[in-house]
Structure formats: C-alpha cells, structure tokens
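Novice: This is what each chain is made of:
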Amino acid sequence: MDLYAVLSQILVGLSRTVILFIVSSGLSLILGVLRIPNVAHGSLYMIGAYAAYTISKYFGGQDTGFWVALFGAPLFVAFLSFIVERSVFQFLYEREHLMLVLLTFGFSLIFGDLVKLVWGGEYKTVPVPRIFQGYILLFEHLHLPIYNAFLIIIGPVVALLLWLFVNKTKMGKISRAAAVDREMVGAVGINVSWVFGVTFVIGCFLAGLGGMLVAPTISVTLGMDHSLIMESFLIVIIGGLGNIWGALLGALIFGLTQSLGILLWPQFGIVFPYAAVVLVLVFKPKGLLKSTW
Amino acid sequence: MNEECLLEVNRVNTFYGLSHILFDVSLKVYKGEIVGLLGRNGAGKSTTMKTIMGITPPKSGEVIYKGEAITGKPPYLLFRMGIGYVPDDRRVFSDLTVEDNLEIVYRRTNQWSKHRVYELFPHLKDIRSRKAGHLSGGEQQMLTIARALMGSPELLLLDEPTEGLAPIIVKSLEDQIRKLKEAGISILLAEQNVRSALKLVDRVYVIDNGVIKFEGTKKALEENEEIKRRYLLI
Ligand SMILES: Nc1ncnc2c1ncn2[C@@H]1O[C@H](COP(=O)(O)OP(=O)(O)OP(=O)(O)O)[C@@H](O)[C@H]1O
Ligand SMILES: [Mg+2]
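Read top to bottom, the protein sequences are chains A and B. Take 1 as the starting number for the first sequence in our numbering and just add one per residue. Take 294 as the starting number for the second sequence in our numbering and just add one per residue.
FYI, nobody ran anything at the bench for these hints, they're computed from the structure. A hint or two may mislead.
[As the list claims (entries may be wrong)] Examples of chain B residues toward chain A, derived with CB under 7 Å:
no.	residue
1	Phe372
2	Arg373
3	Arg384
4	Asp388
5	Val398
6	Tyr399
Built from N, CA and C at the ideal position, the CB exists for glycine as well.
Please put together the full structure from these sequences, using the hints given.
Specialist: Listed below in structure tokens is the structure:
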C-alpha cells in the first residue's frame, strides 16, 4: 500500500478526530457533571453549523464572516442552551436517566423542526475563508488542505483550554466535586444549580463550535445531527463516561479507524469504527479511562 | 435565659419517603456551648443533623437559627448563614487535592483562612497536594472539619467525628474540638460513643427511635442510670 495514501488518510482522520473530540467532550462534560445524557447535543451541533452559515452570509461570505461565525455561532448555541437550561433542565436534575433521555430526545425533535422552519430544507454551504483555501505540501506527494491543518491545530487548543478550565479554575474544581457529590458541594455554601448551568452552557458551546468548524467541509443539511450524536455517545462510552481525556482517546480511535478503514476496504470503511467500539467494550466494558459515574 | 439561643429545633417530623423517622424532635443550642446528641445506631442522630442542614427538610415543625426561621432553605444558604456541616460518612471531594477541598468552599468572612485551618490541623498542610480520596480515615475526618471551618461557621454540626478512628487520633480530635469551642464556635455533636462525648459536652439530648428521651446537663445524665442503661447501653 502507498505510504503517502496512509499518511494522508491519517491526516484526514485527525481532522475528523478534532470535530468528534470537540463535540463529544462537551457531551461528556455534561454527562459527567450533570448526569444528563443529552440526546439534543447533536441538534446543537447542527444549529452551530446553520448559525455559521447565517453569520458567514451576513458578513459577505468571506474571511470576516468566517471569523465572526467562529465565535458567534457557538455563542449563539450557548445562549440557546442557557435559556433551555434555566427554563427547563434546572428543575429536572434529580429525575431518572430514562426520563432525561426521553426529555432531551424530545428537545432534539423540537430543535430539528425549528431548524427546518428557520433555514428550510435545502443544502447550505459555508465557504472556506480565503487564507485557508489551498493545500500545504508536506512531502513530495502529501497534500494537506490548509483548512484541515487549521482543524488539527484547533483540536489541541480546545483540549488545553478545557484542561485549564477543569483543573485550574475554581468553577472547574467545583464541577468536578459536584460530579461526585452534589449534595455535599451544596453543604459547603455553593449554589450547585449555577455550577450546573455554567457547565451545561460550556458543554453546549462545544457542540456549537464543532458544528461551526465542520460547516465549511460539508453540505450543511437537516439530519446531520443523527449520525454524529450516535458517534459521540459511542466515543464517550468507550472513553469512559464523563472523562474528557477519554473523549479525546475515543475520538482518536473513531476518527482514525474511520479514515484508515476506508483505505482498507472502501465500500465498508464505515464498519471499522463500530468494530473498534465493540472490541473496546468486550475488553473494557466501562471504557478505556476512569469513568466519573 | 441569659444566654443567646443560636439554634432552636421546634417539634420537627422528618420522613424518608413514607417512613416516619423523627417524631416531634425539639432541641436548642445556646451560643458557646457544645451540645451532645446521643443515641444508638439508627436512633435518628444523622437525620436530625440533616434536617437542621436542610438536606432532609422536615414535613412539619421548624428550625430557627439566630431568630430566623430557616426551615426549607437549601443547604448552601444555611452554610452562608454560618452553619457548618460535617457528615458522618466523611464525604471529602475525593477527586480534588486537600488544598482544593478547602479552596472551593464559600467564604463567608475572613475569620477563618487556609492558614488558620492549617494551624489547627498542621498535618493537613503536609499533605495539602495529595488527592483527598487517597487519605486515611483520620485525615479525611480532619479535612471535613477543616472544610466546614473555611466558611467561618458560628454553629458546627459534627456527626460522629470519632467513629472508627484509632484511640490516639480520637484524643487529638477531642482536643481540636475543644479548641473550636474556645474559638467561639457552638457545636452540636452527634455521638454514640458516650464516654468520648461526655468529655466534651456541656448539655446533652438523648434520642431513641426518633424521639428525644432525655434532656439535661452532663451531670444530670451521668447520674441517671435508667436513661443510660435503656438508651445508651452503658
Ligand atoms: N436514606 C434513608 N432512607 C430510608 N431510611 C433511612 C435513610 N437514612 C436513614 N434511614 C433510617 O432512619 C433511621 C435513623 O437513621 P440515622 O442515620 O438518623 O441514625 P443514626 O442515629 O445517625 O445512626 P448511626 O449511629 O448508625 O449513624 C434508621 O432507622 C435508618 O434506617
Ligand atoms: Mg449517623
């Protein structure tokens, strides 16, 4: 097999990993701290992509539009999630998980319909900004789209920021304590409801960011949330529920098996990540890294 | 009454689901005292503590703190009013370091600081960067007390602080609890270890099956063989 083809697929896989990691780390954060399996997380990813389309178009569809959308789209999703959390979710944290799955599933249907209402059923495209058009020549035959290089840089930046939040900020430390014992966190004077609110909004911001970043690489369309929410849940499960580094590991496994699988067996490349999931769960039923559950 | 009443629990009835646990429990803590709440396993000591802290609010009756009704208020507000809670099962934040356990606590005033807490428990300073989940039982107990102190409490609810600890550690904890009293903190101390409790308390309540069976000074309890034999197994 051609070495360049393998390397190039690895790079494709890594760009995919970044998107998967950003979205699933948000899902995992919410699952770990709030114990909400947020099925609507995929819809927020989709809304992030549509918001990126609208913002980018409003600013003329070029570089400015992209940069404004980079922050604007996830912030819009964060704002939306803030409203939903304060008006509905904050009252339901004590409910059973099945109830929460059904509730968030309901929200994913509502969000799906709202997107259809606002943006219609046609494909939308978000242009790649001028400075990210074209390729970098890594070796003689190895071309990397500049936008993919940008994604591969963004991934570690997000991981680092998330690490800083969780480990170095007071809010992050409180959220780690609340993940394990929310009652006791309340009993040392902390208003847990706000901690949950902030954590939820950050997690949803990440969904929106993932959607925004993927938008220039795909056709933005209804239903783009379906496969992603499945993949994100699997990533979070194989990584270890609530463990953000687990989400990174899971996303790597998913992204790389997907892209290399296509090389190995073009028609059925899609099965490789799922086979990897099964394999992981056979040997490590609780996920690769320590779960906070 | 010449002393100021800090806490007054007035005929509270607390339930876990359908099971009725506390029956018209009433007690008082005056400023500056250590009050013992004594009783056997399952007598309702922890439930009383949780009822005061707002973790299991009572179905009827009221809890009054510094003259204000606090029944039904969430625990975080009670902590902010100066009530510290040290649970019996030592719920340290196991994922965080000792120092972070202290740092995330809500600071009501600057009366107590990390510095002052480390002065009371010098050993905690030595292990401040260790994960709380890796501490021994005695260390965890010190940490839960230290954590509650970070909020500069006026009233401390201490639920069986010496349970399951080696005698030498029990002794040093007793000294530290005395120092807290000297620092002006009033304490409600739940204990089934009557001997240990009697070394510390000024007044006692004896609870059994969720009913207060005795109330009086330490001396009155020491002289009441009947109560000791029936409810405290000594
Ligand atoms: N979460 C709960 N659900 C149902 N019943 C409970 C619960 N917690 C305690 N109980 C019951 O309430 C009663 C009082 O328990 P409590 O924990 O207050 O006793 P305690 O005096 O603190 O005992 P111990 O010395 O063993 O800690 C017991 O009969 C116990 O079985
Ligand atoms: Mg108890």
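Novice: Each hint should be assessed against the structure and marked as holding or not.
Specialist: Here is what the structure says about each hint:
1. Phe372: 4 Å, holds
2. Arg373: It holds, given that the least Cβ distance between arginine 373 of chain B and chain A is near 5 Å, below 7 Å.
3. Arg384: 4 Å, holds
4. Asp388: At about 5 Å, which falls below the 7 Å cut-off, the nearest Cβ of chain A leaves the hint on aspartate 388 of chain B intact, so it holds.
5. Val398: 5 Å, holds
6. Tyr399: 3 Å, holds
Of the hints listed earlier, there is not a single one the structure fails to meet.
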